[in-house]
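Residue-level listing of the chains:
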Amino acid sequence: MRVLKLGLVQGVFGGILGWLFGFALVIGSRLLLGLPAQWNPNLTGLAAYEPAVVVAGIFFVVGFMIGVGAVSDWLKWARGIDTPFNHGARIPGTSELARYFNVDYSHKVIGIQYAITGVLLLGVGGTLAMIFRLQLAQPELNFVPPDVFNTMISAHGMIMIGGILLGVGGMSNYLVPLMIGANDMAFPRLNAFAYWINVPGALLLCVAMVIGGWNTGWTGYPPLSAQAPLGVQYFFLGVFFIGLSSILGSLNIIVTTMTMRSPGMSLFRMPVFVWSAFATAIIQLTATQFIGLSFLMVLVQRILGMGFFDPGGPVWSEVDKWAGGGNPILFQHMFWFYSHPAVYLFVLPGLGIISELLPVFARKPLFGYKWIAMSSMAIALVGFLVWAHHMFVSGMSNYLRVPFMMSTLLVAVPTGVKFFSWLGTLWGGRIEFKTPMLFALGAISVFLIGGLTGPPLGTVATDLNLTDTYYVVGHFHATMFGGFIFPFLAALYYWFPKATGRMYNERLGQLHFWLMTPAFWVMSLGQIFVGMHGMRRRIATYEVGLDIGTAQMMVTIAGFVIFISVLIMMFNLFVLARRGQRAGANPWRSRGLEWQVPSPMPEMTYPATPVVVGEPYDYGKPGSIYVQFAPAAPALHTGASITGGD
Amino acid sequence: MTAVAESYQVQTRRNRMGFWLFFLSESFLFGGLLVARYYLWGNTRPSMEDTVIGPLHISYQVIPLMITAVLLLSSFFMNRAEVAIANDDRKTFSRSILLTVLMGLIFLLGVLIFEWGWKTVDGQIVLGRHISPTDGVFGAVLYGMTGMHALHVVSGLVLLMLVWNLGRKGHFSPEKHWGVEATAIYWHYVDLVWVFFYPAIYLIGVGVHAAGH
Amino acid sequence: MDQGTHRRSYRRHFIIVSILVAIVAVISIVGLWAVPEFPSASTQAITVNWLFDLHLAVIGFLFALVMVFMLYILFVFRRRAGEEGDGDHFEGNTKLEIIWTVIPLIVVLSFGVIGAVTLRDVTAAQENEMTVNVTAFSFGWQFDYPEQGVEKATTLKLPVGRPVHFKLKSLDQDVIHSFYVAEFRVKQDLVPGVPTELRVTPNVEGAYRVRCNELCGTGHTNMLADVTVVSQADFDAWVAEQKAAVSPERLAAMGQELHASQGCIACHNVTGEPGGVGPTWKGLYGSERQFADGTSGVADEEYLRTSILASQERLVAGYAAVMPQNYADVLSDQQVAALIEYIKTLK
Ligand code: HEA
Ligand code: HEA
Ligand code: CUA
Ligand SMILES: [Cu+2]
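Residue numbers (my numbering), protein chains in the order written: chain A, 1 to 646; chain B, 647 to 859; chain C, 860 to 1206.
To be clear, the hints were calculated from the coordinates, so they are not data collected in a lab. Do not take every clue at face value.
What the hints assert, rightly or not - One side only, chain C facing chain A, incomplete, derived with CB under 7 Å:
1) T977
2) T990
3) T1080
4) L1117
5) A1119
Said to hold, decoys possible - Sample of chain A residues facing chain C (criterion: CB under 7 Å; computed from the structure):
6) S95
7) A98
8) S397
9) L400
10) V402
11) P403
12) S407
13) G428
14) V544
15) G623
Please read all numbers here as calculations on a predicted model, not as lab measurements. Every residue gets a Cβ at the ideal spot worked out from N, C-alpha and C, and that includes glycine.
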């Protein structure tokens, strides 16, 4: 059976073995210590064995990673065995397709693995949304029971965000090396590891739904999460491992950008997407630790009784109140210290894509390149100082409200610079409306709604009204669609011919756009409207008396239209394009490095070293060249083995 | 199949940068624990019972101070090991690594046996001679901080043993010993973290006695 | 086209688009203001609405600015059939960049100042405040009026025009809830272990609802309490009624109301439908109960009392131990009695 040889399949096997091992380990040691196998006699089913289930979950990931082969090389190094670094199919004779189901070190394969896994996750999350949107279509529908509903919205939120993180990983892993003229990332093995650890992470998230679910939303606030059903533990673990992937992946991006640029590519000659990927990586590298830590703290509070967030914990003498019990608000600070910067990491790559595509399709230089590049850094850095705007009503110290309001509003400034510079880019162009361009323009319009609905949330007085209503839901769907989903789709269409050598069907692409964009407007404006008419977040149903049934129905219908339009895209890219027209090396007449080599690209993208001699976006300037290829390929250190490489 | 491999120097330069970024990231993890400590303990800290072993009466402050000193000293030997391998002095290398491991183990056991401690309750062995993880925020934060640090010490020890083993098999050379260098930086880093943790747990704030202990 | 004609046509386009932006901006601001507003009923709401309208004006303008500009450009500078060449070459304009950095900066800084002032208005203490202690628990609300001596009321009555100082708390073993009356426009979380507060001056008589606004579990959706803002005289009458002894006949009716207001309804139905989180109450009284530990017993009054106050002492077979354990802190003796009376009536 060839299928059984695939890394993915072996990984799942390894994972299951690991799970059983971990489970047996805890139960075994409990029995050895003379404790009953059941952890909590009041509970039934798996929940009675919670610590064992948690440890099993961790070993599931370990088993998966060993099974899939993501750590094989490192284990060899530990024993002093050299492993030559190879590009290309690992097992000679297997098909090209099989590479995507195995550990592969090529950043192009890894980028596509990331992107496809991301799309799959978006599909799962979207499907969940379709189910609970049915319940919300009319008031007082009850076919989804409250606990299932809570699990569904929580899973929708987290799985979608996981999908975004993978999508971002896909774009930066695929594009950054291409754009800076490198043949791979700085640490290809680490890159593969960082991708693969997402897979068991995502599986844990999905399993969490069936082992009891969890009812905390994607934010997982204790004390609720400390009392939630068992599923919350796999939610924590799943996020933890996806977060680990973020950290390792971003480290790789930073080193790659800093050390592997082509000769002549100074920082301000990098394509602007690289700047945004770099800013994103800084956020991912640092802030991610906080969500991991905060979830870990709730995890151990549940199984070891460590009362970080348990205000009812034993009280110590001679101390004020806080030294006795834990404080739930600490969790919110730690959670948002990651999760706010995280929302900017969702959008920065997307905004980078917009800035990348506009010049190509307007045939004009990017207006204010340095300003756009620097605004990404500004958004990333100011983004670290605004987290408590999610906590205006949380009960945190009141004096914190005003400074956080100020910092929050400040983010509008660098974001505005981007918007206005985009307009400057378009002005005076020869604008061509191909599908990728449409999605880039749609992204601007959608992100504008999302962005502009931000400041009313940022000023405290209005937030006291709006927080935790559907207004917020409308705000963040618009920012995330405009900042991530639309640009991601634009990127899929734009680089599709480069990656596959085939052209997608332009008509269907346009249809996708014209279905999705108006539907999205209806969806998010509808959400904002119902939010201002008394619709709270995260409720399974609402009263007839609120009189928002019509708007809710429109939101639901719009959601379905979006869903169908994405199906059209899948059909276009995965079915039709197999027989699509051959795309030349540079169908968009782009100046980018990667467009100067054939499509699909050779295994080593740049056999000859590209030398950067000009500006990246000098469209419309006769005779301007961005890149030249060194006449003779420099001798590669072929066959040289490296121990302790990455 | 094409092979790409950069020269050892180039790759090592990248490795170094990657490693420092990794530490930057880890600083946020440990920083988060410090934040939790200051948020939850404020200007207090748990003051624990003294250890009595037979006629010996040891203040609870003594053992943490001793093991901290041992850990700091171990960094010196780690450094000596790195210098040794750079000079191709395998004997000193081996010996210094083993000394580092020994001191790391002393530190680890110091935490496990004296700081965490074990006692018997109703015939069952449970964690926490002075204070247990379930003792409110004092227990939670104390075990959280020392536990996360201990996890790093353990992985450092594993790395040290691997490097020692490879060195024994003749794997490193004065020019190529990134493995040793990485382990050394890692070990120093874990040490450095403790330099921040030790005062946060044992020195800063007013010592408070546990009720009912 | 040479540079000169370009400049001129640029200037013309710029003038046209500026006029269009102005027109659309006015339309969208007026349009946004015309969207029907949710009713409001407190003096705080006036400030909040005012600030929100100000935001809407800025939003309407910026939306018109970016969208009209963009659509105009897309139309005017679109590639016409057969055109091959590139666009005009210019790489940026530092003066412009500075302008569109500084102006928004001024706007957001002003909003920061306005935001701080409105925040002070909305949260400032008032004279002659009436204190109401609010307790939230999974999944219900209780209101104590220390000044009037009314305890554990399950609906919120407020005299119109009198500033209210809510002192909010959630029980130590409970989770976070949030106190929100949409018509009052302000809300505040109730956090176990962290007392919080909120100030509202209701200014329109009417019936509203407290809706729990922070996800708190199974019963979050239905964690509601009725709010009525009434005249001072009606309020005084209500206080007197609350303090009068309750006749035994009214107990069952009170119990029925508690079933909904205290969140029992989240897990217990009274229709006999199977499949709820907890057992149905229909036919419960006097029936034979099977417990998880294998024993059994009859559901008499004493059993019901234990079940409510300490349900995990005898777990009904087939159900998980998820019923909140803090009703002893929450419910008064009278309320427990009322619930038992009510269950008795459910034959
Ligand atoms: C991609 C994600 C993304 C992005 C980019 C943003 C961008 C912004 N967000 Fe949003 N936000 C979320 C995702 C995002 N948000 C999510 C997921 C939540 C909910 C989390 C949860 O609870 O589940 C949330 C919640 C949220 C809250 C908390 C609401 C609450 O729960 O009470 C607040 C409060 O301040 C806020 C504010 C802002 C602001 C001010 C911006 C700004 O960055 C916007 C800046 C952009 C513009 C303003 C438009 C363009 C600018 C101009 C045209 C220039 C001129 C403008 C002016 C002068 C105003 N957001
Ligand atoms: C990227 C992020 C993202 C995306 C794309 C979406 C997409 C959608 N969301 Fe989501 N949403 C969130 C992130 C996102 N959401 C978050 C973070 C929350 C907060 C959760 C919380 O409160 O904790 C939330 C909450 C949320 C709520 C509020 C729930 C509540 O508070 O009770 C609602 C309600 O209307 C909603 C609706 C929708 C709808 C109708 C879509 C539609 O646009 C969906 C359309 C469908 C798709 C985009 C998928 C299409 C894919 C395919 C068709 C491929 C199928 C193929 C395969 C399976 C391979 N979402
Ligand atoms: Cu209480 Cu939601
Ligand atoms: Cu935020």
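We went through each hint and held it up to the structure:
1. T977: This interface hint holds because 4 Å falls under the 7 Å limit.
2. T990: For C:T990, the interface hint is violated, since the closest Cβ of chain A sits about 18 Å away, which is over 7 Å.
3. T1080: holds (4 Å)
4. L1117: It is violated, given that the least Cβ distance between C:L1117 and chain A is near 20 Å, above 7 Å.
5. A1119: violated (13 Å)
6. S95: With Cβ-Cβ at 41 Å, over 7 Å, it is violated.
7. A98: Hint violated; A:A98 Cβ to chain C Cβ min 42 Å, cut 7 Å.
8. S397: Given a least distance of 10 Å, the restraint on A:S397 is violated.
9. L400: With a minimum Cβ separation of about 12 Å from chain C (threshold 7 Å), the hint on A:L400 is violated.
10. V402: With Cβ-Cβ at 5 Å, under 7 Å, it holds.
11. P403: This hint is violated: A:P403 lies away from chain C, its Cβ roughly 10 Å from the closest one there, beyond 7 Å.
12. S407: violated (9 Å)
13. G428: holds (4 Å)
14. V544: violated (13 Å)
15. G623: violated (12 Å)
Hints 2, 4, 5, 6, 7, 8, 9, 11, 12, 14, 15 from the earlier list are contradicted by this structure; the remaining hints agree with it.
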